[in-house]
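Student: Using the sequences and the hints given, assemble the complete structure.
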Amino acid sequence: METINEITDKCSNLAFDLNFRYAKHWKSKNEYRVLVGYLPIYFPREIVHAMNGLAVGIFGAGDRKQIIRGDAYYQSYICHLPRGIIEMGLDGSLNEFDGFVFPATCDCIRNLSGMFKLAGKGNFQRYFDYPQNFNSKVGGIFYRQELDKVMEDIRKINRQHASIEDLNNSIRLFNINRRLIEEIYAIRQEFPWRLSALETYYILRAGMVIPVEEHNEMLEQVLDQLQKERGEPMDNIRVVINGSFCEQPPVGLIKSIEMAGCYIVDDDLLLGSRWTIGDIDDNTDDPLEAMVTAFLNQSTFSSSVYDVGNPKGARLVEQVHRRNADGVIFSAASFCDPALLDRPELQKACDAAGIPHINFQYHENTGQFKVIKEQAGTFSDSIKLWA
Amino acid sequence: MSNPKEAIKEKSMIIQKDMLAKLFTELSTAKENGKKVVYTFVPGNVTELILSFDMLPVYPEINALQSGMRKKSASYIRDAEKIGFSEDVCTYVKCDIGMMLNGNIGPTGEKMPEPDLLLLSYTGCFTFMKWFENLEKLYPNVPVAMLHTPYQEDGKITEDQITYMVKQMETDVIPKMEMVSGKKYDPERLSKMMVNSAKAEDLLVKVLESAKHVPSPIDAYFAGVYYIGPIFTAFRGTEEAVEYYTELWNEVQERMRLGLGPITPEGELREEKFRLVVEGPPNWTNFREFWKIFYDMGAVIVASSYTKVGGVYDLGFRHDPEHPLESLAKYCMGCYTNLNLPQRVNLLADYVTEYKADGFLINSIKSCNSFSAGQLMIMREIEQRLGVPVGFIESDLVDPRYFSYANIKNRLESYFQMLEQRKIILAQETSEAIA
Ligand code: SF4
Ligand code: SF4
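Read top to bottom, the protein sequences are chains A and X. Under the working numbering, think of the first position of the first sequence as 1, with each following residue one higher. Under the working numbering, think of the first position of the second sequence as 1, with each following residue one higher.
In case anyone wonders, no lab produced these hints; they're calculated from the structure. Some hints here could point you the wrong way.
Unchecked claim - With a cut-off of at most 27 angstroms between alpha-carbon atoms, the simulated DSS-like pairs for lysine-lysine come out as follows:
hint, chain 1, residue 1, chain 2, residue 2
1, X, 330, A, 149
2, X, 82, A, 370
3, A, 312, X, 137
4, X, 71, A, 137
5, X, 330, A, 137
6, A, 373, X, 184
7, A, 24, A, 10
8, X, 176, A, 137
9, A, 312, X, 176
10, A, 149, X, 167
11, X, 82, A, 312
12, X, 183, A, 348
13, X, 82, A, 137
14, X, 137, A, 348
15, A, 255, X, 183
16, A, 137, X, 167
17, X, 156, A, 156
As the structure is a computational prediction, the values presented were derived from the model and not from experiment.
Tutor: Here is the structure:
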């Protein structure tokens, strides 16, 4: 068995290999395999898996790639994420991908789907719309049609058909994946020092670029070792991070928050990995319907989904209480309309519940963390002082 | 700077002014008169449906735009930023929130009525959704109806998408309208309104396409925003709108007959030197100054994408009295920002060709990702396909901090020089070819 240190080392390499060598190698082993790149926030990877494909999260270039041509495609007041993705598209990093899915997260990602279409990148460039109507006979049917479209895109490439059993099996594997992740979060809630936020991040992000079976094995090994004590408890406060669901902060920022005395006990980094709360029925005659039902009824809260009847503010407060957190750090990408437009209402909900909060903005390639570290440090001190 | 000139007023302008005055009076007395008020958005609106229930629509973007023109937006935006809105986000939203924080005073100086229904017709822009989530919190007891418009991601409208939208209308939007208005849905009345919609749409297309004529009798961007006003907002489906567009079309025909150029606030444009296609919304805070830069250079905007945000009627769509709900669905999905990028490029390239434009210009709006994300690629595509000179300026809709007059003027001057040189070269090439 590999140690947690070995696993996190491996994961940090996998997570930030912007050439996606592991996924490409996986594809090269069988001519019917397909690689489908998808953007944040959420995409139901089960359907790709069931069709002999690997859904690979393309979450930006972070601070790992110099943007040479990508900047020429975007005005200064547009977030950083799509520049890195354009850069990857132009420098050949995405060449072996068969197709791309652009979930309905925001107008930037939506329009990026059109840029990929114009550039003819991949065999398909699918904008994947989430329904904003949650009636199963209205939004449910719409969502199922969206799933069908992606499956048809893949079918055209590898002529594979997903049987009921294939789909049930894929749903089962991703159920296990989410359960294992949730167990890690549960352990970290009680013993946050056993696995740092950064280690957790590496492990989760690697799961976005490798087959789920392999990720599940890794998660099991990690969980097994987390049963035992690891690391030293510190006098830190416990925080929830909110607003980082799409453009990912540089790892230096995550590290800085922890070093400033804040255990991150929940977050919306890589939110797609735990979008569905609980299991999806994996023993059914109609697995796609099960996925639809889960989307309509078991989705987490997010800036890209209309929050009618179930406001995000209340759900954030519930999350803070459930995780027994001391405060919230609102940390959003600069120029991220969805995150930043949600922020005032979320802050108001925190204020009403007496939950302290701070906020800052970042770019995925931010290199200076001094100010953020100081801010987080002051936040931590003030909570400790007034607790 | 010299004093602004007295603007020329044509009859259609007076009709429109009266229509608006009447609407705002109706809005300010709505509560006393028992009229119900629906807040909704311009792109993909279902105005005929609202009017068929005798309710009055209010469009928050129009309030923001008016606030920009009345120089109120800067302080409204500041107030929204004070309560936590980031400097980075759409200024229309902030301006509207700021206006509400300051008593919700409308363009006539009277308080806007509070909504009885929030109708989120969510077309072509995610920010609308966020905007409405904020409005919901401001008006917690007001019912909300959501009308989700699928994006034309495949470059076409499918039967499944139409069915999805019609179902949303039937199961959510119409029942809520019935509840709020206390009236039954009347499909016949709706159909009758659509007869008027289609008539007005025909006339608007004629007006906008008159710019294919050389010299163009209209400016299809700066003046265009006035032409689209009634049909994109509260008047589509009404007799008044038909009357307005009939008059406008008569005036435009007369201008064409006389070979006249567009009317501008500085007077009539006497010599058309450059013909341009413009992509992106205008700036409202310095609208007249902005327009004047083009006027001074003899530039006419012959086609623009902004005048298509409430419907690309020139591609043939008309509201259909035979299938009212289906046609509302198609209308919502057909609005400009709901087109995918390749469709946008094709449309703009066709405009450049069909309207015999000398150049293609983008006014990139800091606030608006829906328009702006991808514009630089659109620009490259147009340049590569057509070889016309492309220009790029940046401003904002209603935040005066992002309108730099000197900067924009400099950039435009260089751009017009480039157009001038190209004209000279083209003329030389033509004369050489003839010789
Ligand atoms: S960071 Fe925000 S604005 Fe940028 S692509 Fe992601 S969701 Fe859209
Ligand atoms: S982002 Fe653009 S389209 Fe959307 S509300 Fe703002 S100005 Fe309007």
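Student: Are the Cα atoms of residue 255 of chain A and residue 183 of chain X separated by 27 angstroms or less?
Tutor: 59 angstroms, violated
Student: Below or equal to 27 angstroms on CA atoms is what counts here, so check residue 71 of chain X against residue 137 of chain A.
Tutor: With a Cα-Cα distance of about 47 angstroms, the restraint between residue 71 of chain X and residue 137 of chain A is violated, given a limit of 27 angstroms.
Student: Take the C-alpha atoms of residue 330 of chain X and residue 149 of chain A, compute the straight-line distance between them, and say whether it is at most 27 angstroms.
Tutor: With Cα atoms ~20 angstroms apart, residue 330 of chain X and residue 149 of chain A stay inside 27 angstroms; holds.
Student: Sort out whether residue 176 of chain X lies within 27 angstroms of residue 312 of chain A, counting only the CA atoms.
Tutor: 24 angstroms, holds
Student: Tell me if the straight-line CA distance from residue 137 of chain A to residue 167 of chain X falls inside 27 angstroms.
Tutor: Distance ~9 angstroms between residue 137 of chain A and residue 167 of chain X Cα, so the pair holds.
Student: Is the Cα-Cα distance between residue 176 of chain X and residue 137 of chain A 27 angstroms or less?
Tutor: Measuring from Cα to Cα gives roughly 18 angstroms; hence the hint holds.
Student: CA of residue 373 of chain A to CA of residue 184 of chain X, is that 27 angstroms or under?
Tutor: Not OK: residue 373 of chain A and residue 184 of chain X at ~60 angstroms, beyond 27 angstroms, violated.
Student: Hey, residue 183 of chain X versus residue 348 of chain A, does the alpha-carbon distance stay inside 27 angstroms?
Tutor: 37 angstroms, violated
Student: Within a Cα-Cα threshold of 27 angstroms, do residue 82 of chain X and residue 137 of chain A meet the stated pairing?
Tutor: Violated, at about 42 angstroms.
Student: Next pair to validate is residue 137 of chain X with residue 348 of chain A; report whether the Cα-Cα distance is within 27 angstroms.
Tutor: OK: residue 137 of chain X and residue 348 of chain A at ~11 angstroms, within 27 angstroms.
Student: Holds or violated: residue 82 of chain X and residue 370 of chain A, Cα atoms, limit 27 angstroms.
Tutor: OK: residue 82 of chain X and residue 370 of chain A at ~25 angstroms, within 27 angstroms.
Student: For the pair supplied as a hint, residue 156 of chain X and residue 156 of chain A, confirm whether the alpha-carbon distance does not exceed 27 angstroms.
Tutor: Roughly 20 angstroms between the alpha carbons, so the hint for residue 156 of chain X and residue 156 of chain A holds.
Checked against the numbered hints given earlier, this structure breaks hints 4, 6, 12, 13 and 15; the rest are met.
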